[in-house]
Structures are given as structure tokens and as C-alpha cells.
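Just so you know, the sequences run in chain order A and B.
Under this note's numbering, think of the first position of the first sequence as 1, with each following residue one higher.
Under this note's numbering, think of the first position of the second sequence as 337, with each following residue one higher.
Derived from the structure by calculation, the hints contain no laboratory data.
One thing to keep in mind: the hints can contain errors.
Stated by the list, open to error - Covered stretches of chain A, going by a simulated chain B footprint (3 or more residues, C-beta under 8 Å): (1) 9-18; (2) 85-95; (3) 118-129; (4) 223-233.
Claimed, not checked - With a straight-line cut-off of 27 Å between C-alpha atoms, the simulated DSS-like cross-links for lysine-lysine are: (5) A/K23 to B/K659; (6) B/K575 to A/K18; (7) A/K237 to B/K354; (8) A/K323 to B/K498; (9) A/K292 to A/K120; (10) B/K354 to A/K162; (11) A/K113 to B/K573; (12) A/K239 to B/K498; (13) A/K323 to B/K354; (14) B/K659 to B/K584; (15) A/K237 to B/K449; (16) B/K354 to A/K239; (17) A/K237 to B/K359; (18) A/K18 to B/K573; (19) B/K659 to A/K18; (20) B/K575 to A/K23; (21) B/K354 to B/K449; (22) A/K18 to B/K498; (23) B/K573 to A/K23.
Ideal placement from N, C-alpha and C gives every residue a C-beta, glycine not left out.
Number of protein chains: 2
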Amino acid sequence: MEFDSVVLAHGEGGLATKRLIEKIFSPMLANEFLDKNEDAAVFNVRSLKGRMAFTTDSFIVEPIFFPGGDIGKLAVSGTVNDLAAMGAQPGFFAASFIIEEGFPISDLSRVVKSFAENLKNAGAMMIAADTKVAPEGHGGEIFISVAAIGEIYRQQNISLDKIEVGDEVVISGDIARHFAAILAVREKIDTEPPLQSDCAPLWNIVKAAIDGGVEIHSMRDPTRGGLATTLVEISEKAKIGIEIDEEKIPIKPQVISLCDIYGFDPLYLANEGKMTFFVRRGDGEKLAGILKNFEVSRDAAVIGRVVDGDGVILNTRTGGRRKLIMLEGAQLPRIC
Amino acid sequence: MEFDSVVLAHGEGGLATKRLIEKIFSPMLANEFLDKNEDAAVFNVRSLKGRMAFTTDSFIVEPIFFPGGDIGKLAVSGTVNDLAAMGAQPGFFAASFIIEEGFPISDLSRVVKSFAENLKNAGAMMIAADTKVAPEGHGGEIFISVAAIGEIYRQQNISLDKIEVGDEVVISGDIARHFAAILAVREKIDTEPPLQSDCAPLWNIVKAAIDGGVEIHSMRDPTRGGLATTLVEISEKAKIGIEIDEEKIPIKPQVISLCDIYGFDPLYLANEGKMTFFVRRGDGEKLAGILKNFEVSRDAAVIGRVVDGDGVILNTRTGGRRKLIMLEGAQLPRIC
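Here chain A stands alone, though its shape is the one from the complex (with noise of 0.2 Å):
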């Protein structure tokens, strides 16, 4: 029997399950692991004292096709980026697909199709997962949820610990525009260009700096809560102080002028291919260069550093001196 959405059925574990994982998810994500078909799957480890990362995220955003992306890609980015940030190389994916009852399958083909291709990009492998089917109006249409393992790449020993004073804030390209995007679409504002998602995997450029010969001390991904809420976190957590300068802050204009109008600072909202390194005094240029020979990352910036003390300091334009608090309150729920 075929079906044109996805139905109860889908989630039993029965014959329903088994021709809809053949028929959406095996064309575009089989390997000899989940060939396997066992309860878990079993990988070999290769190196004797090697550093693995491990992560997990969910992504429930609304709509799930947005311009530049989709749940299928935001599940791969964000899942890359997350292990990325501790300069592990993408490896094994395990996802679980959380799907409501009457979702198109033809949707969910599109989803479980982008979802392949950017973990292919990525050179990442799903090798466990799941599939469960929520009753109508529960589910959200679907929710991915992604845990990923990857391999730390040449013994980098990337941590909060390592950021010291003198160290320089790198920020891979312009802000909020993941944010920017959702809401735009949401509101049926029309911007000229179309604001897209900045919604991308970054472990490429990551590998690039690594092999360029940066040091990094520390790298984070700056999604929910946005750069602000990132750096207050990064200072708090590593005891030391942030300073900013905000007319390096790059930023599209179309999103300045969306921030304008709904009262939202760009600092505080989310990116979802972004990467902000924080990187040993005198890397930080030779970082910007090395990142800007990449579409994602074309305008990247050195956009701070640390300093004694702590807080997070943001150095307005106009030449004051604002500090910067976490993100407090509700934005805009289901963005990632």
C-alpha cells in the first residue's frame, strides 16, 4: 500500500516502517552499517590514544523549507559545526526522525534527501537511526534529532581553558542573517536580495585554518542566543574578558534594516554557519585570510580580542562602551 502522507502506521515498527525506510530513507542514506540492520551499529576505533567528540542537537524549526536551507541541512550544520567548534572531522551521524502524522511524504523525501547530501558534503556517515511517527498536532510536522562523532583532527587540544589574554576574536562572516531569514519568511517580507539563511556546514573552513597553521585556542558555534550570548557564555565560562569593536562586526544591510523594524539587536540573534575562533595574538588576520578564500566565509573578520577582567565590552560606533548580557527573554521560538 502506498501513501501520499505519513500515518500512524509508519511509526509501529511493522511492515508500514520497514517500506517507508526503504522507500525515503534507504535510497538516500544506506551504507553497510545500517545495511547491517542491527540494534546499534559497530565501528572500529583507529587510533591508539585517539580524541573523539561527541554531540548532539535537535532542530524543530519552522517552516522546514526556508530560502538557504532546510531542517535537513540546519540537522547536518549544526551537528558539523557543533563538532567542528572542538576541531573534530565529521565521522559517524546518528539521527532520529520525529515525524507528524499526515506529513507529506514527499516533503519528508525532500528532507531526508537534503539531510544525504549535505552529510555526503560534509564527508560524514549516518550510521544509526531511528524513525518514530507522533499523532496529529503533536509532532510540529517533524523534528530531527542528531548526535554525531567525530575524530580530533592533527591532536588539536581545543578548549575554553586555552583562551588567554591577548588572544583575538575572529568571527567567520556576517551575523543574524539565519535569524533574519526565518523571520522574513514568517512575516512575508520581501527584501531585495532575498535574505537567505546563512545555514551551512564549516568543518571546511575549520580543516583550513588547522592546516594553515592557526593556533586556535577556542572555537563556538553562536546560534540560539546569537554572538552576544556566545561571548557572555565563552566569558564566563573561561574567566576572562571580551572586547568588541562593532564597526567590525560585519552585517548585511537587509538585515540591519529587518532588525530596525522589529526591534531585534543583531547580536542576539542566531546564525547557523558562523563560527567565532578565538585564536592566539597575531592569528587573527592570517585566520580572516585564510577563511575568506571560502564562499561561507567570505567576510570574515577580526572583530576583537581578550583582555583582563570580565564581561563582555561591545565598543559602539558612536564610541561608547556597552556592556553586553545574556540574551533574557523569548525571541522567536522554532528557528533551529
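Given chain A, work out where chain B should sit, using these hints.
Using the frame of chain A, we list chain B on its own:
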């Protein structure tokens, strides 16, 4: 600001998220990995040619608190059992909590406590975590996605490929109890004694079987689709025939009564604390003897054998032979 229920701000990655994590998650789950507060947890691989197992599963059970367990215990049990089925000792967990706006903080606290306690009992540690908040009516109260890594115990080489003609099939206890317990609570049926879900992590019994020298060829956790669907899948994948003796399959009288009332076949109903073992001919009774030492597998029994040919045959109580097929259609949504 204190909240009694989850609000959208808890999902924004800012101060409210931080407070939710500090108040509800950290007290139960803090460890040296999560405390680092990085984008991914970094861990060391201990052995040279180590083999690891990796799995994922999502849990959307309704009600979230049920006789014999709750979604937290279920999430740990289901994941531990997937690893255990590959002979892997539960190691590192990653969990993603998708919480609906309006979900009571006190319930969240109970769920997290149960998750943490069961994780601890299983000897595992959660080293990566994520929380997302879905707007009301979309999140279905709470969903938990878990991924986990385990180390293969004592060089076991357990896989469907190892199954051979003559192998004995052992079930670790009575079947269909998780499904029946959920059905009873939803339909407000009182049974005497009250029906408890079998929900339990099974690594300890698998470990005991391995330590006891049982030659295990394959294992499978018979959840959605029940014992019958699991056996049909194994028969197809391993390209072998299976014969099962109905009279040997342990099942509680209250479960049989419930099934009679609702017209369910217990062979197709979900278990959440059972393991199906395929062991070398002659090792079946030895395994059952070991399992009977544990409360969770007191009713373990040798129920069948691997034969030439294909498909799964049930030798019925009345002397008939019934060919088992995969579960078709939907039974009850959100049972696990």
C-alpha cells in the same frame, strides 16, 4: 524569575535556558564533560583496536509517567538495550530534550531525575545534551532523543551473520507487558495485580551471559512490532528459518486477558525490557539458568531454534503450525 511551566524563553539559548539547565538538569546530570560547556564533548578512546557500538532512539510515550516507569527510564532502557544487543557496555550518552511550552517544571524535574538515576544504574554518563522548546500544541509534552556509544565487551562478535542452523532462541522473560501496561493505563483498566511495564535496562543480564561463557550469536531488543516482528526481521536479514513453540513463550495471565478483550496478538506487542538471544546449540538452558538469577529476567525461557529454510513458524499450543508475518497497520500510537 521563577517559572512553574516551561516557557518559550527556555528554548532561546539565553538566560532562561541557562537557568533551566542549572536548576533542573545540572543537579542530576552534571559531570566533568558537561561542565566544560563546549559545543561537543571530547573523550579518549581507551584501547588500541577497540570496537564501539553507536545507536540512537527517540521516545514519545504517552502518558509520560506509567506503571513501571516513565519516559526518562524508558529513554535510558531503550538505548542501553540497543547497545547491549551488540554486546556493548553502555558508555557515553547524548540526550536531546524537546519540551512543549507549558510543560510543568515539576514533571520535567521528575523526568530528568529518573533519566539520571537510570543512567547511573546502567553505569553510563551523559556527556552531550541539548534542550529545545516547541510552542504549545506542537511538542506533545516531551520527547527525548538519545544517542549512545558503548564499548564492545570482551571481544564479543555478535551479529546477525553469526546465526546458524541449530542455534537456540531464548527470551529473557514474559512478553507484551510494556504495551499492555500502557494500554491499561490509557483505557483506565484495573488489573489485579496491577500491570507494570517491563521497561528496564538489560546490560547487567547480557554481561552475566557473556561472563558465564554463553556463546551468543545475535541479540535483539523486541520493542515496536513485538517478538514476532523482531523474529521475522531476523529471519529475513540472516536468511534462516526460525521455529518457536507457543507454549514456551512466557506471558502474564493479565496480559493475555487484556489482549483477548482488545483483540491484540501479544506476539506483536512492544516490550521495553526484554532481550531475544540466539545462542549456540546446547547453550540455551545454560543461558536461561543465568538469566533467572536476575529479577528482570526471572521468567527467561528457551522458546525455539534456528532451522533450515526461511520464515518464522509458530508451533501453536493446539499442535498447529502458524507462519508469522511482520506487523501490518497501526496499533497504538506513542507507546515508546
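Hint check:
no., hint, result
1, 9-18, "holds (count 9)"
2, 85-95, "holds (count 6)"
3, 118-129, "holds (count 3)"
4, 223-233, "holds (count 5)"
5, A/K23 to B/K659, "26 Å, holds"
6, B/K575 to A/K18, "17 Å, holds"
7, A/K237 to B/K354, "12 Å, holds"
8, A/K323 to B/K498, "63 Å, violated"
9, A/K292 to A/K120, "23 Å, holds"
10, B/K354 to A/K162, "23 Å, holds"
11, A/K113 to B/K573, "25 Å, holds"
12, A/K239 to B/K498, "54 Å, violated"
13, A/K323 to B/K354, "19 Å, holds"
14, B/K659 to B/K584, "17 Å, holds"
15, A/K237 to B/K449, "25 Å, holds"
16, B/K354 to A/K239, "17 Å, holds"
17, A/K237 to B/K359, "17 Å, holds"
18, A/K18 to B/K573, "13 Å, holds"
19, B/K659 to A/K18, "19 Å, holds"
20, B/K575 to A/K23, "22 Å, holds"
21, B/K354 to B/K449, "18 Å, holds"
22, A/K18 to B/K498, "23 Å, holds"
23, B/K573 to A/K23, "17 Å, holds"
Checked against the numbered hints given earlier, the structure breaks hints 8, 12 and satisfies all the rest.
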